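Visitor: Here's the letter readout for the chains.
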Amino acid sequence: MESIAHIEAMTVLAVGIIFGMGAFGTAIGFGLLGGRFLEGMARQPELGPALLGRAFIFVALLDAVTFIGIGFALFFTFANPFVSAVQQLQSAAH
Amino acid sequence: MFLRHVAGESPNEYILHHLTFLRNKSPNGLLDFSTVNLDSVFFSVVLALAFGGLFYAAARRATTGVPGKFQNFIEWVVELVDSQVKDVFHGQSKLIAPLALTIFCWVFLFNALDVLPLDLLPGVAGAAGVGHLRIVPSTDLNIVFGLSLTVLLLIIFYGIKIKGPVGFLAQFALHPLRIQNPLAQALVAPFNIVVEFASFLARPVSLALRLYGNMFAGEMVFILIALLTLTYGFAGLASLGGWVWTVATLILGIAWSLFDLFIGFLQAFIFAILTVVYLSEASEHHD
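Going down the list, the protein sequences come from chains A and B. Residue numbers for the first sequence follow the numbering used here, so the first one is 1 and each next one is one higher. Residue numbers for the second sequence follow the numbering used here, so the first one is 1 and each next one is one higher.
Mixed in with the good hints, there may be bad ones.
Claimed, not checked - Part of the chain A face toward chain B, derived, beta carbon under 7 Å:
| hint | residue |
| --- | --- |
| 1 | F58 |
| 2 | A60 |
| 3 | L62 |
| 4 | A64 |
| 5 | I70 |
| 6 | G71 |
| 7 | L74 |
| 8 | F78 |
Hints in this document: simulated from the structure, not taken from any laboratory. Quick caveat: nothing in here was measured; it's all calculated off a predicted structure. Glycine is no exception: its CB is placed at the ideal position from the N, C-alpha and C atoms.
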């Protein structure tokens with residue numbers, strides 16, 4: 001019982017870190033991307049739509065690992081494999 | 001979201017119920033090919049037929065005169081994909097633009113199904129006796145990996161077709177470190193092979209997981225918003241606080257729907273563009 005509570009506590013921390021680090025990374029990435037996009041558009045306004053399209057492509061690429069992390073974090077929250085491993089071991093020991 | 005509140009189901013059970021696939025049998029072990037996620041397969045086939053039928057009808061009725069709204073829309077989609085393919089693909093192939101169009105439209109239709117209310121189709125299916133239903137095929141790892149492994153096979157096929165089998169395998173040894181001295185190149189080759197192999201395998205995996213992660217996270221937030229809404233259900237409409245709560249969760253649901261639709265469009269577009277980029281890299285002659 002105690003070991004399961006321990007694992008769940010660690011999982012909560014891990015999920016928080018995954019969400020936080022993902023948000024941190026993408027925030028910096030989007031900030032840089034947005035800044036450069038605005039600079040480029042200010043220099044050559046006629047390239048605006050083309051630059052915007054390319055900017056969205058990079059948005060999707062930046063988002064990728066963040067969302068993968070979020071997917072895993074939600075998986076750990078609702079169907080924690082570490083807890084089920086311990087439960088299997090405990091039921092095998094009894 | 002309002003359509004069904006199974007009395008007595010705890011939040012955890014509700015979430016797990018919405019994360020379970022409709023399977024023909026339970027898998028033994030991690031890799032069992034006789035287990036089929038019937039709901040994902042059904043919806044992906046239905047959407048493929050819908051996409052094929054729609055575009056075929058547009059092609060049959062196409063006129064060179066002033067286009068109607070339907071033809072205009074289809075032409076816009078085709079030009080959108082075609083302009084990006086022309087930008088990116090430097091080889092010569094008649095397969096690439098239709099492939100990109102198919103991938104883009106099909107994956108976008110997958111992602112667009114996420115906008116339907118969470119309990120709508122599963123509720124209808126439940127009334128018909130079906131226990132679980134997940135309607136968005138791109139939240140199924142099998143579907144997304146099926147797409148990306150097909151792209152990997154195409155990359156290998158194009159690589160071998162354009163560069164020959166020897167050239168295709170040689171590119172693993174010759175990048176990223178290229179040295180003129182053949183002896184030094186042979187020494188560096190193992191390092192090159194490891195690095196190139198890792199980045200080669202990273203492509204289909206990242207392609208699949210990017211789409212899966214985005215769509216799964218979106219669906220998860222929908223489930224959580226539904227849980228928020230269903231906490232009080234229709235009984236919440238009895239008080240002013242309940243009305244505020246209901247309206248607030250409704251606005252939240254609508255806002256997230258729009259955002260998720262946009263993300264779905266973007267991810268479908270990215271999948272198609274990256275496919276074209278990888279195939280373009282596979283088809284060019286390194287000299």
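Visitor: It remains to establish, for every hint, whether it holds in the given structure.
Guide: Structure-based check of all given hints:
no.: 1; hint: F58; verdict: violated, 10 Å
no.: 2; hint: A60; verdict: holds, 4 Å
no.: 3; hint: L62; verdict: violated, 10 Å
no.: 4; hint: A64; verdict: holds, 4 Å
no.: 5; hint: I70; verdict: holds, 4 Å
no.: 6; hint: G71; verdict: holds, 4 Å
no.: 7; hint: L74; verdict: holds, 5 Å
no.: 8; hint: F78; verdict: holds, 6 Å
Consistency note: the structure conflicts with the earlier hints numbered 1 and 3.
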